[in-house]
Amino acid sequence: MDTARPRPAAAPRARRPDRPVHRARRQFLVSSAAAAGGLALGFHAPLARAQAGGALAVPSAEVNAWVLIHPDDTVVIRIARSEMGQGTLTGLAQLVAEELQCDWARVTTEYPTPGQNLARQRVWGNFSTGGSRGIRESHDYVRKGGAAARMMLVQAAAEAWGVPAADCRAERGVVTHAASGRTVRYGQVAGAAARLKPPAEVPLKPAADWTIAGRPLPRLDTVDKVNGRQTYGLDLQLPGMLNAAIRDCPIVGGRLRRFDAAAVLQRPGVKRVLPVGETAVAVVADTWWRAKQALDALPVDWDAGPHAGLDSAAIARQLAEGLDAPQAAVGHAQGDARAALAQAARTVEATYAYPYQHHVTMEVMNATARFTPAAEGRPARCEVWAPTQNGEAALAAAADAAGLPASQCEVYKLPLGGGFGRRGATDYVRQAVALAQALPGTPIKLAWSREEDMQHGFYHPVTQCRLRAGLDAQGRLTALHMRLSGQSILAALFPQNVRDGLDPVVFQGLNQGGAEGALGYAIPNLLVDHAMRNPPLRPGFWRGVNLNHNAIYLECFLDEVAHATQQDPLALRRQLLAGSPRHRAVLDAVAERAGWGRPSAPVDGLPVHRGLAQIMGFGSYVAACAEVSVSPAGELRIHRIVAATDSGHAVNPQQIAAQVEGSFAYGLSAALFGEITVAQGRVVQTNLDRYPVLTLAQMPRVETIVMPSGGFWGGVGEPTIAVAAPAVLNAVFAATGQRIRTLPLSRHRLRPA
Amino acid sequence: MATLNVNGTVRSHDAEPDTPLLWVLREQLGLTGTKYGCGIAACGACTVHVDGVPVRSCVRPVSTLGADEKVTTIEGLSPDGLSHPLQRAWVALDVPQCGFCQSGMLMTAAALLRDKPRPTDADIAAAVTNVCRCGTYNRVKAAIHRAAGQTARG
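Top to bottom, those sequences are chains A and B.
For the record, in the first sequence the residue sitting at position 300 is 300 according to the working numbering, with numbers rising by one throughout.
For the record, in the second sequence the residue sitting at position 27 is 27 according to the working numbering, with numbers rising by one throughout.
There could be a bad hint or two in this list.
Partial pick of chain A residues on the chain B-facing surface, computed with a CB cut under 7 Å [claimed, not checked]:
#1 Y141
#2 V330
#3 Q334
#4 E363
#5 L696
Hints in this document: simulated from the structure, not taken from any laboratory.
Ideal Cβ placement from N, Cα and C applies to all residues, glycine included.
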């Protein structure tokens, strides 16, 4: 690969001091190594170089914000979004590498910090990682980052050779001038390229020409997850660090009244007992276990506050009232549903409900903070190490909690042991900063117990839904009124986005159009409205968000309509989706693969029944067909799920399959077992013994059809969760004749038909 | 100072006798590959081997371990952290998503393979009761079969 000809004349110069990313990455770098050839060069290579101390002939060069290239041709791709298992890190790297035309085996990644993003005028854009947006909302600028870097590398080589850049091409990390046969490696020209002016016009490859994107490549971050080396937030060790365990008031809306620190201060390892905000108390000790033991022994009085009598029955009544309320915000209207219902030859009506869910990230909430007071002319500084889905929000929270400008704060993102929406919140960051301020100069690692984690979630909101369908004399669906009643996430977390009582996010999957969920069904008279009812238990974004219950309500009720009118559930859906070809295509794909309409083979002597569901959300079209059996004793077994996803472009099909598989584990956990209840103002469930989740033995076989139709970018981390429950519930109806309208399913006693 | 035989080395620690093995490993010995998930032996993220038997270390008081009992953690599953057949299969099939539960999964699977070198799906379902919230179960199952040198069977 190396050319025998002279190297480019322009020797790469040293790093520019105004680019802070390099300094920081030596202080604290979160990186992941390539699974293939780049492995040994991954995490430790830059440190080893730094320690080698100036023995380098050619320093590493930041070609642009997205691409750093080492002299050995290792390419470091900057990833702004957080990796929490969903594979976005690998997918985004594929998109940059595709345009960069580098050698994929030499690709590594790193997170720029939120502080660097701030200092560089948000050159990396949005850090927020939720709503399945990682790829679908940054594909354009990350690809342009890769393409611009490639153009600069080619330009640098061309200038060194004195030939037109148009006569040179880049492939697998090598620039070639075909006419003269000269080649140069990226590592050799990166420094010169870094000094060039970025191109004004940056054309992107058509997807048809992709060679790195669009392929089922292995993830870049697997190896350290199979040997215990990956450092999650809980695993962080800093010199001189102390550990904190915390207890927040277990009563919704309650406060800390008093605690008796003297009762535990003599316990081994205990350093301090501190109030945190107005609602919590923490013990700081040398180890977390000692802090936790002391906290458990700490006498605490709570001010129960205004919701001490709150329970799930009261919450259900509050929502039920909304089902008939005259006032409701309209999300989607066609024709005149009320009039059409009044005139219908026949109506079908049903009421559904969906309970609170907890995220149960495997890694409990945690953050580490260090507050360094101002001294000797240096301003005060606050640093946070945290597994977060939103580095910028974590930085803002740290700055606010510390009372410092954001420029005096920094957040170092750590790998997440699951996020699912929970780690978009910053409550645990604020707590860690508060503790760090009480012990200036000492890093404090705050970790929640599982009990604390489960009782202080941002729960999947509760909703109820009443659906009324109007049918004409021939049984055709002429009208549908979906009245949603329940909790608004935006009202609790982003009230500025709620206007005139309308939270647009509650209509996910039911909208007239748009990426956040276009209702595919053509119903001449349609009314989808929402009566906002906000119980005091705080809601949050839970993987799949409002699409989850909306899909259950819509897809199970359509099944009810099909059965009430003696129509095949597939045929009814296909007819209503005649004008929505992408919705229909994923539905058709699962029906065909599953063998809908053909008899299914019994399993263990039990008949197998099927159920269908489809929905559009997070920019993608998804469908599922579930196959279940119910034993005479009422035992439900889910044997197989066939799932289809059209995400427009498919950046890494095998990772899409992994997300689809995982979505059934997550969605079926909720459907089968998940329910957070409230009694006497407290969340009743405190651990996995009372909040069971799906296990391997209950996991169905999943066959995933990845069917990108091109032309758009959809998300994949969340949409499939929404079809998991309705596909299974519809199959349960086929098996039992029982229409399950409240969850979890484990509350119902099934009987085979 | 009490001692513990971990990954072939005798290590000393000053934890109180009722401290769960998990926290001695993580906080006294710096072996953070073993994870805290629930603290009540429900999720399996803390699974280690004691004399080859899978143990949920979050509920095992360290004082109950005899001096002759050998603890193996994920860090000791293979000398290089990559060469155990399960680790190779895990990488080949891209099993982990967030990865947090995977140490426990691997330790549970390793104990299973020692007892049943060619496990059936039912054997795997009975042995691997660990919780994974990302939902890697089917790839876990496939990787165990792969490591056992066989294709999946029912």
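To see whether the hints hold, each was checked on the structure:
1. Y141: 26 Å, violated
2. V330: 36 Å, violated
3. Q334: 37 Å, violated
4. E363: Status holds, d = 5 Å.
5. L696: L696 of chain A check passes; min Cβ-Cβ to chain B is 4 Å, inside 7 Å.
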